[in-house]
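Colleague: Those sequence lines, one after another, are chains A and B. This note's numbering applies: residue 1 is where the first sequence begins, and numbers increase by one. This note's numbering applies: residue 307 is where the second sequence begins, and numbers increase by one.
No lab work stands behind these hints, which were simulated from the structure alone. C-beta atoms are modelled at their ideal positions from N, C-alpha and C, and glycine is treated no differently. Incorrect hints may have been included.
[Unchecked claim] From the derived model, a few chain B residues whose C-beta atoms are all more than 12 Å from chain A:
| no. | residue |
| --- | --- |
| 1 | 355 |
| 2 | 417 |
| 3 | 576 |
[Claimed, not checked] With a straight-line cut-off of 30 Å between C-alpha atoms, the simulated BS3-like cross-links for lysine-lysine are:
| no. | chain 1 | residue 1 | chain 2 | residue 2 |
| --- | --- | --- | --- | --- |
| 4 | B | 571 | A | 230 |
| 5 | B | 309 | A | 204 |
| 6 | B | 309 | B | 402 |
| 7 | A | 204 | B | 571 |
| 8 | A | 230 | A | 93 |
| 9 | A | 230 | A | 259 |
| 10 | B | 571 | B | 471 |
| 11 | A | 204 | B | 471 |
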Amino acid sequence: MSDHSQTTAAKTTSAPLQRRTMQGLPDAVSGWLLSLPLSLVLLFFLVLPIVMIVIVSFWGATEFSIYPAFQFDNYEFLLTSPVTYSVFLNTIKYAVITWAITLVLGFTIAYFLAFHIRSLTWQIVLFLLCTIPFWTSNIIRMISWIPFLGRNGLANSTLISWGVIDEPLEWLLFSDFSVILAFVHLYTLFMVVPIFNTMMRIDKSLIEAAYDNGATGFQTLTNVIVPLAKPGMMIGSIFVVTLVMGDFITVRFMSGSQKANVGRLISNDIALLQYPSAAATAVILLITVLIVIAILLRFVDIRKEL
Amino acid sequence: MEKRPRSFYVLAAVFALFLVFLYGPTVTIAILSFQGPQGGLTFPMRGVSLHWFRDLFQEQAVGDIWGSFARSLVLGLMVMVTTVVVSVMGGLAFRKRFPGSGLVFYLIITSLVIPSILVSLGVGLIFSQSGLNVHWSTSGYGSQLTWTLPFGLLIMFAVFNRFDKSYEEAARDQGASAWQTVWNVVLPIIAPMLIGVALFGFTLSYDEFARTLLTAGSYNTLPLEIYGMTTNVTTPVIFALGTLTTAFSFVIIAVFLVTVLIVNKRRARLGSDAGKGMV
Numbered sequence: 001m002s003d004h005s006q007t008t009a010a011k012t013t014s015a016p017l018q019r020r021t022m023q024g025l026p027d028a029v030s031g032w033l034l035s036l037p038l039s040l041v042l043l044f045f046l047v048l049p050i051v052m053i054v055i056v057s058f059w060g061a062t063e064f065s066i067y068p069a070f071q072f073d074n075y076e077f078l079l080t081s082p083v084t085y086s087v088f089l090n091t092i093k094y095a096v097i098t099w100a101i102t103l104v105l106g107f108t109i110a111y112f113l114a115f116h117i118r119s120l121t122w123q124i125v126l127f128l129l130c131t132i133p134f135w136t137s138n139i140i141r142m143i144s145w146i147p148f149l150g151r152n153g154l155a156n157s158t159l160i161s162w163g164v165i166d167e168p169l170e171w172l173l174f175s176d177f178s179v180i181l182a183f184v185h186l187y188t189l190f191m192v193v194p195i196f197n198t199m200m201r202i203d204k205s206l207i208e209a210a211y212d213n214g215a216t217g218f219q220t221l222t223n224v225i226v227p228l229a230k231p232g233m234m235i236g237s238i239f240v241v242t243l244v245m246g247d248f249i250t251v252r253f254m255s256g257s258q259k260a261n262v263g264r265l266i267s268n269d270i271a272l273l274q275y276p277s278a279a280a281t282a283v284i285l286l287i288t289v290l291i292v293i294a295i296l297l298r299f300v301d302i303r304k305e306l
Numbered sequence: 307m308e309k310r311p312r313s314f315y316v317l318a319a320v321f322a323l324f325l326v327f328l329y330g331p332t333v334t335i336a337i338l339s340f341q342g343p344q345g346g347l348t349f350p351m352r353g354v355s356l357h358w359f360r361d362l363f364q365e366q367a368v369g370d371i372w373g374s375f376a377r378s379l380v381l382g383l384m385v386m387v388t389t390v391v392v393s394v395m396g397g398l399a400f401r402k403r404f405p406g407s408g409l410v411f412y413l414i415i416t417s418l419v420i421p422s423i424l425v426s427l428g429v430g431l432i433f434s435q436s437g438l439n440v441h442w443s444t445s446g447y448g449s450q451l452t453w454t455l456p457f458g459l460l461i462m463f464a465v466f467n468r469f470d471k472s473y474e475e476a477a478r479d480q481g482a483s484a485w486q487t488v489w490n491v492v493l494p495i496i497a498p499m500l501i502g503v504a505l506f507g508f509t510l511s512y513d514e515f516a517r518t519l520l521t522a523g524s525y526n527t528l529p530l531e532i533y534g535m536t537t538n539v540t541t542p543v544i545f546a547l548g549t550l551t552t553a554f555s556f557v558i559i560a561v562f563l564v565t566v567l568i569v570n571k572r573r574a575r576l577g578s579d580a581g582k583g584m585v
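One chain only, chain A, in its complex shape (with noise of 0.2 Å):
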């Protein structure tokens, strides 16, 4: 499929301008054209109000309101205050965390859609099964885990009933622990999607060949379809840390409030109307996030990918 991408690509490129387009117009202004509304959605509410968070990121607050000025106190309060380091270091904990469990599950699960379900038909049920939960509301999926964790909850009384545990166990509500299992609950099928697609392009006669060449399973798997996979990997990698690097619900919820990341830090100044604060933060948040997507996109040509 990419060679074929690649191929028309290549023609439409020395395919020279006597090819002309739409009410005939030259590409550049139909091209304009066509995408001014994407543009227009695109200016008014991703760069302006990026642009206007760096602004007042400058601007003073009191208790009640916000003034315009030039001046670097939030970020001085920000980059002095310890909490800043210890709440940007457990986001990216939990980044962590999340990626690697989230890449191994999700590899896992796509590799068997993948390479073990044979007939399209049951791998595109089996497919959807997987991310029809994307479209449902990850607030009520976050709730659907009280009757599981809690005190009383599902997993406590039936360790208790099988004799493990005496006591039931606190932590798995209201702790890292929860907060990274409903990150992994959300998330996975971010890490599915994409490496799946990877994976039902690359040519099964790669496979066999390297079992003809006397590859065991596990030396096609690591040699083979891991390389093959990666860009479907990284794609997934980008959502997975920039979903939970920007998150502040799903922190909030599961952690019954005791945990902090960067985003409950920007939510918690809203709430207290600090907005300059808040934009400040929420700069830092910006610029880790497309420090950290720029490094996964040295790994991978997203344009070509698709």
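Dock chain B against chain A, hints included.
Modeller: Just chain B now, kept in the frame of chain A:
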């Protein structure tokens, strides 16, 4: 058929456990929402009743649920239509080389990966500083588009990357204008994928929370209403609401999937091979 290796059974077990993990909690709250009137948020069930569902229909008990549901529904439809139209136009635009396409592409990716709370905060600040009122149908609508459009566009990119250009060339050779080619050839071929884009547009908007948080104004959407309930409602009524909205989502997903199936079937019956090999 050749014998399955042992790894198949191991992986099948992992996959089955994953599905239990994925759906187990949802099923649990569905069961618990039929809790008797004396029952609590966890097992055991104290009787079986529709008590908590009945509670939902008594508005004063739990806030403006039906109003917020109506708003979420309307907003979802607005976002869905916009997402389909803008994504198709964007998809068509990106088939051409136009100056600035690289920039727009990176903006789309940024829109996808930017922490949602930044969009919420930024849009909220712009509206409040310019003296406009935030409202779900203006600021909320725009903020949600920054989440649904990237998904719609990624689908369109994937569709057009696999699109066989010879169909268009055939249409052109037979004298179709550019507009006729798009309307009568391209759009019918990509129609099933547009249903997918619509599904993304509607459901992502219907469940969207973080980007709507600071941009919805005084009238809540359903996810915001549910979020509010999590802090002050401690009865299974919240499970009943969760079960109902999840059931509604399932119905929507089923409607879209069945529509795709019907479209594909009709196509197969009419003997056209259009769109084959696009999935």
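Colleague: Tell me, in ascending order, the numbers of any earlier hints that this structure violates.
Modeller: 2, 4, 6 and 9
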